[in-house]
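Take the two lone chains, each set in its own frame, and fit them into one complex as the hints suggest.
Protein chains in written order, with my numbering: chain A, 1 to 289; chain B, 1 to 206.
Hints are supplied without guarantee of correctness; some may be wrong.
Said to hold, decoys possible - Some chain A residues close to chain B (C-beta under 10 Å, calculated; not the full set):
{"no.": "1", "residue": "W16"}
{"no.": "2", "residue": "G17"}
{"no.": "3", "residue": "W35"}
{"no.": "4", "residue": "V39"}
{"no.": "5", "residue": "L63"}
{"no.": "6", "residue": "G64"}
{"no.": "7", "residue": "A75"}
{"no.": "8", "residue": "Q86"}
{"no.": "9", "residue": "N155"}
{"no.": "10", "residue": "M159"}
{"no.": "11", "residue": "Q164"}
{"no.": "12", "residue": "G284"}
{"no.": "13", "residue": "A288"}
Hints listed in this document are in silico derivations from the structure and should not be mistaken for laboratory results.
All figures in this text were calculated on a predicted structure; none of them were measured in a lab.
Virtual Cβ for every residue (Gly too), placed ideally from N, Cα, C.
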Amino acid sequence: MRRHGLFSIHNPWKFWGAVLVASMLVMGIAIGFLWLPQVQERPVFGDRLKKPGGWFASFCRGLGWTGDAQATATAAPPARWASDMQWTPDTVHLALSGDRARGEFVALNCTACHGEKGQGGQQTWIPKLARMDRLVIYKQLADYRSGHRQWGVMNAVAMALSEQDSADVAAYFNSQAQPPLQLGQEGSNPPLTDARFKDAQKLVYNGDPLRHVAACATCHGPSARMTAAPDLQGQHPAYLTRQLGDFAQGHRANDLHLQMRAIASQLSPDEMNALGLFLAQGKGPRDAR
Amino acid sequence: MNNPPSPSPHAPDDPPRSATPGEAADKELGIPEAVIVREENRWVLVVVGVFLTILATIVFSAVHIGAEPPSNVETINPVSANQPGSEFVESNLGSGMQADGTVVVRVLAQQYAFVPSVITVPVDTPVVFRATSADVVHGLLIMGTNVNTMIVPGYVATLRTRFAKTGDFLMPCHEFCGPSHHDMWARVRVVPKAEFPFDPSGERRF
Chain A
1 MRRHGLFSIH NPWKFWGAVL VASMLVMGIA IGFLWLPQVQ ERPVFGDRLK
51 KPGGWFASFC RGLGWTGDAQ ATATAAPPAR WASDMQWTPD TVHLALSGDR
101 ARGEFVALNC TACHGEKGQG GQQTWIPKLA RMDRLVIYKQ LADYRSGHRQ
151 WGVMNAVAMA LSEQDSADVA AYFNSQAQPP LQLGQEGSNP PLTDARFKDA
201 QKLVYNGDPL RHVAACATCH GPSARMTAAP DLQGQHPAYL TRQLGDFAQG
251 HRANDLHLQM RAIASQLSPD EMNALGLFLA QGKGPRDAR
Chain B
1 MNNPPSPSPH APDDPPRSAT PGEAADKELG IPEAVIVREE NRWVLVVVGV
51 FLTILATIVF SAVHIGAEPP SNVETINPVS ANQPGSEFVE SNLGSGMQAD
101 GTVVVRVLAQ QYAFVPSVIT VPVDTPVVFR ATSADVVHGL LIMGTNVNTM
151 IVPGYVATLR TRFAKTGDFL MPCHEFCGPS HHDMWARVRV VPKAEFPFDP
201 SGERRF
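So here's chain B without its partners, still in its complex pose (with noise of 0.2 Å):
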């Protein structure tokens, strides 16, 4: 072949070429290969430091804090939800009460209010929301709780959990929403027992 030999890796007047390629030292840095190698292998010991503690973030958010994926799948036509028939028409938004005792409270976001804005549910019972979206993703967050979740347009997030204890809490939207997304907030107000009405009709809302 015609071929001109390859070029040596090293000019003639290089050190001596090391009889191992651990050994050799980068040409153009001059740095040795095992230094090279050691570096590499610490930060690939970070890398799965990192996705360790992530990992494990999530596993203790999870057994404690009772974390999990909120929603059971459900679907709904984000453009007829406000109509009549839907779970999500304006006369059936707000909380309210299941024969079995729980409380479950329906909650629609749209640009850019919470409907209801004021969500009033009573102290120590098992509370189930339910909320939709009319437009874009929206966040439903209740400080000083783990309720947290998404509200995707076109699905129902659930949650479950109950108060334990009695006043006002902030309810911000969280997922960026709009231009307006600042101003987008409801109340929860957590009152006794004695004050939220037991109506085993299951028929009015607050």
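Just chain A, same shape as in the assembly (with noise of 0.2 Å):
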């Protein structure tokens, strides 16, 4: 029945479907491109910038050239920063390079403190380190490093240590054998109750969206992972609760993006003292008590 081909013109529908679509076309970049930029040129907030006119800058206009650049150089408090860490694909490479042989030869400045093969020490303020993500690792001995985190001893053994170490040493870490999870309460006062325990639960899976607290786990893990988050699970909890602590008050502040610090100054001290008991459970979003 076809009398002409399917991308003739002859065939009426077609050329008229293609003039249609071509009309609506130019019907849209009449309208976005040079109407509309210059209808705009009248203010609607009263504060809108003085646009030149013209059919080619209203053109540029439409594309997303406004010509309104605000001035960076205006006057700026001394800067601030959280870390010196930014993870180009060269740093994670580096930090991903570590030598485990290497790295068991230099996690000898470290058993005193975080354990045989960093499966944790005595001090339960003192973190566990074995099965930690390298990128953690090394993002941790860089900010000791440069002093973005404080504390003493660890301070004094980064600056011992060049990038390679901290790679090496890193991968040495992440290689041992998961420590075993923490199922008692310790250093717990008040004790985890039902009630803290589901309420330290939905913190670490859902988060709390009335005060705007993120999830843990979706950082953290096993949810997702954000870059250089370590996992919680199996840590000491007075570790943990410690640094929410910290990071609540501003001690430590060498999260990139002020993420910990934004959630930890909205938790209360005894939210804090739940998430570490919780977390060293290794409990899970459907785990009842």
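What follows is the structure, given as structure tokens:
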């Protein structure tokens, strides 16, 4: 039945279809790039920039070149920043390039406090390092070295290490066995009651939307992971609680974009305590008590 | 040629074929082609109508609500956006007054918070928002106002506005940015002019 080819201009459906689509396109371009930018020169809120006229200028504004570049050289307070760490591909590559065997030698400096093979020592405010992400260890050592994170002993230790040493020791600790989960109530006062357990569980897996508290699990795992955010499950509860308190008060401020300071400052001391205990137990979102 | 004669589109016992194609009946459905053409034309009108409605909506929002391509195209390296020398270094975030009385608000969006989480601006004062993202696409929307833009990593979004009334406004992230997207929002606190300290040096941030 077809008297013409599918794309013949003699086929009236194709021809008029093409004309219709083309006219819509022309109309859209004329309105979006020529007419609206002209109309919008009339101030809507009174403080609009004086925009230059002309059809070419209108067209550029439609494309996003509005000429509204704010001078960035305005007066600024003295710079304060969280860390020197910039996660460029080169940095990530260096941090992941560690030599495990050499790292074991470097780690002789660490066992006195962090325990044999990073399994945790006697002091519960000192973290276990076994299985910790390599980027985490690398970044924390860099921050101790630059002074963005303060802890006397660690600042001294880190200053003696090169970047390659940091990558090596990170590779060593990352390769060690997962430390056992901490199921007890160590350092817990008050104890982790069912209600507090449920509150902590909710914070870890859901966050608190009413206080803009993001869920721990969405950066620290297992839901999702952010670059250089450590695993928390199985960590010493006293260490976790203490770090939350330090973030809340700004004693620790080496989170790149204030992620942890923003969250911790919304938490009560009781919640920090419960979070530390809950995370140490490594419980999942549906573990009931 | 040995090709068989092309088969007739109609079996011999079909109704006689019409003289013009417009009156021919569709073989399978038995619908006259004129009816099909009429229906097709109506649907074309519907599509044109949808297109014109969308266009009219855009024109209306552009002219009467002030929607426009919000930003001058400016790029920034998100990896070093928080380093000294960058406009979005930690100590420079928040509201600051310029010499001309304009208030500039610099916002850094990241998974999953805005920095600062409370933005203080004076009422009835020209305000410039400058925002960028440290990781993924976020959204900046201040409820009850026409402030609404995407925050795209690698770009600086600029918005000009003026708050007509005092009070607290919710500023949720409105681009899905990850599993804690629902926890990401900030508060915009519009205060009387007298409560926003005038700072001719432009160095203070609120």
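Item to check | Earlier hints that do not hold, by number | outcome: 9, 10, 11, 12, 13
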